[in-house]
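2 protein chains.
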Amino acid sequence: MPVNYTPSTPDQLHAVGGVRLGVAEAEVRKKNRKDLTLIELAPGSVAAGVFTQNRFCAAPVTLCRSHLATGKDIRALVINTGIANAGTGEPGMQAAQATCDAVAKLLGIEARQVLPFSTGVILELLPTDRVIAGLPKAQANLKAAGWHDAAQGIMTTDTVHKAASRQLEIAGKTVTITGISKGAGMIRPNMATMLGFLATDAGIPAALLEKLVKEAADQSFNCITVDGDTSTNDSFIMIATGAAGVSVDEKHAQWNELKSTLIGVARELAQAIVRDGEGATKFISIQVGGGKNTEECRMVGYAIGHSPLVKTAFFASDPNLGRIQAAIGYAGISDLDVSKTRIWLSSNGEEALVSEHGGRAAGYEEATGSRIMKAAEITIRIDLGRGNAETTIWSCDFSYDYVKINADYRS
Amino acid sequence: MPVNYTPSTPDQLHAVGGVRLGVAEAEVRKKNRKDLTLIELAPGSVAAGVFTQNRFCAAPVTLCRSHLATGKDIRALVINTGIANAGTGEPGMQAAQATCDAVAKLLGIEARQVLPFSTGVILELLPTDRVIAGLPKAQANLKAAGWHDAAQGIMTTDTVHKAASRQLEIAGKTVTITGISKGAGMIRPNMATMLGFLATDAGIPAALLEKLVKEAADQSFNCITVDGDTSTNDSFIMIATGAAGVSVDEKHAQWNELKSTLIGVARELAQAIVRDGEGATKFISIQVGGGKNTEECRMVGYAIGHSPLVKTAFFASDPNLGRIQAAIGYAGISDLDVSKTRIWLSSNGEEALVSEHGGRAAGYEEATGSRIMKAAEITIRIDLGRGNAETTIWSCDFSYDYVKINADYRS
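Protein chains in written order, with my numbering: chain W, 1 to 411; chain U, 1001 to 1411.
Because the hints were derived from the structure by calculation, they are not lab data. Honestly, I wouldn't trust all of these hints.
[Stated by the list, open to error] To give an idea of the interface, some chain U residues facing chain W are shown, with a C-beta separation under 8 Å as derived from the structure:
1. L1106
2. P1308
3. D1318
4. G1322
5. R1360
[What the hints assert, rightly or not] Subject to a maximum C-alpha distance of 25 Å in a straight line, what follows is the list of computed DSS-like cross-link-like pairs (lysine-lysine):
6. U/K1404 with W/K374
7. U/K1105 with U/K1034
8. U/K1374 with W/K404
9. U/K1404 with U/K1030
10. W/K404 with W/K31
11. W/K34 with W/K404
12. W/K404 with U/K1404
13. W/K259 with W/K214
14. W/K214 with W/K251
[To be verified] Some chain U residues well away from chain W (every beta-carbon gap over 10 Å; in silico):
15. T1009
16. R1055
17. E1090
18. P1136
19. I1170
20. A1207
21. S1231
22. H1306
23. T1368
Heads up, the beta-carbon is just placed ideally off N, CA and C, and yes, glycines get one too.
Using the sequences provided together with the hints, build the complete structure.
Shown next as structure tokens:
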């Protein structure tokens, strides 16, 4: 069960002009599973993406990078679950290429206009024949109202589908932004996330979209962790179809409004992954401020967010908060003066100063810490006391079920 | 239950000339627990140590560093469990100083000749009065045959005590080396370990001992991980009393023999910590070779050794070995050519090539991987294919019991 997350119903997800989505059962790894998703984009759409920094990146990630380098006029996305097509060497590249070729043939476009994505088990080869055989079925299901199906079609160990949708008025036109994401484990995105797709029917120049996708990733998917394992297949794609009949660039009066809405949707999708983190029972926001720069705030946030000791203490609502100090201390700031750091804990509108001057805060009582930690949404706030930079990392707790899910994942 | 580790019996631990050890129940945090250990060193002994790099280092660690900077003529060590005296600010420093003062008064030495150590819960203040009240009882128990008691006296979540002892002949004299260690969780030593104490009755010049303790730590405690959490209290101390009547320096014909024996004992103590890792059911050696330098081999070894996904797969004996590739890929070698990497898995004399050319090895079968992973001692061998550097990291698997132990630790 995800933490404070109610998955959207089909009618809550607005169609995005220029985008149609279709799902099929292709038996990639198991029978009777919607495991193949096709997304078709109207001519004139532009796309941009960011991808995992894992050196063992999947074959489809390599192909996506190459296709986006060739041109931004992407016309289709194809996504399979079950097998990640990562750690598959040259045969994996051939499988990803063959999938793109088949989609191109089916839709009458060029293979370089297809972006392929895979997610699932690493080190196993993609059964290209079954994927290709499933494509016409996915094509037959293509529809503008297909976002809900697609959100379900890209799930693996996710317990719920993840989608978000918003609309705003720009120059008298209704602009829609809808996105989906997946992921629950192997989550510590490095420049991107497991899988995230976000589309708007506003027109956005390709170069600007490329800047925006990086900025949005940095403020959403690049701020989350479940287990600290950076996936081989992380991909986050932003699409602008222009079908709403309005184009927006940095000079447009409503650019900031559109931009913050797009980033807001990306953040909602990213947080949904943490809320559905494998075995998660609590959603933890780690706000790190007072840093010399954002990078050191991120280091501290991730040290806390990854610490198995901190995560198990939160699972137990045990205010064993010295574990947070320990994580701050080993985060990698070699000249940190711990006597200037402060730590607060809060939930449900109650905030307690836990630590200051390198030790326990005078007024802090364990009963308070314990009460705050019992909530499902908890914030850890840290002041490093050495500057003005700040950032927030979202994480979850670590329960028996994380071990259960990951010891049993393939069986 | 530790993995393939039989704790030593009292008669297996040789006394070290010049060293006496005594243990007492001081009720530091709970009643009826041997939680205070005093180690007395004869005049003429020298000591050297390495300590945690955690910025939130414990008050006793700060005091140890200061005392060892003042002089190497250490005469006593005092160790309490229950409370780590870390994250305790200025009051913590006063508590550690008061403990040293009390030991000095009791033994008729200077406070700067006392090294204090604490281990247990962070963020709680040491009850100095109860520690000081316990000291005369520990003193009354001082004996040369006290190593077994001391090994038990420094345990926290350890399920077994950890000690090792060896003897060798140098210039017709019997030289003894005996050591103890503790630790099971919050284990990812950075320049040192949880707690490790190693003494020899050979004489070793102070400057040389200081070099040796660093080298020994780098080849033992700095090669292990349980959960990736670097403790606030890591300390590793090496003592040379000279009581055997033989002094050895780098020019001595048997220096290399003594040195490798000392490092061997340190390694045995370090591995014992992993074998008794919280919830551990398997002991995993990660041999990384073919690196450009040792540091990148360490990065890869630790990425694998820390990955919750790899650790849970080993717990389940599930050959989901793409998770190892993923960890290699995100370990931080930005120019790694994965097509040159190779991964082997072995246990009980059987070795299988799992991955090569960036993909699954041609002859590899899952049944083989599964069979190898069922053993309690498993080796992962990696060739990075880019140089001649190599290193080995020791780790363990990740089970339900890790969560159980750490969610319940204080209750």
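Verification of the hints:
no., hint, verdict
1, L1106, "violated (28 Å)"
2, P1308, "holds (4 Å)"
3, D1318, "holds (6 Å)"
4, G1322, "holds (2 Å)"
5, R1360, "holds (5 Å)"
6, U/K1404 with W/K374, "holds (17 Å)"
7, U/K1105 with U/K1034, "holds (22 Å)"
8, U/K1374 with W/K404, "holds (17 Å)"
9, U/K1404 with U/K1030, "holds (20 Å)"
10, W/K404 with W/K31, "holds (23 Å)"
11, W/K34 with W/K404, "holds (24 Å)"
12, W/K404 with U/K1404, "holds (13 Å)"
13, W/K259 with W/K214, "holds (12 Å)"
14, W/K214 with W/K251, "holds (19 Å)"
15, T1009, "holds (33 Å)"
16, R1055, "violated (4 Å)"
17, E1090, "violated (7 Å)"
18, P1136, "holds (29 Å)"
19, I1170, "holds (39 Å)"
20, A1207, "holds (26 Å)"
21, S1231, "violated (7 Å)"
22, H1306, "violated (7 Å)"
23, T1368, "holds (14 Å)"
When held up to the earlier numbered hints, the structure conflicts with 1, 16, 17, 21, 22 and fits the remainder.
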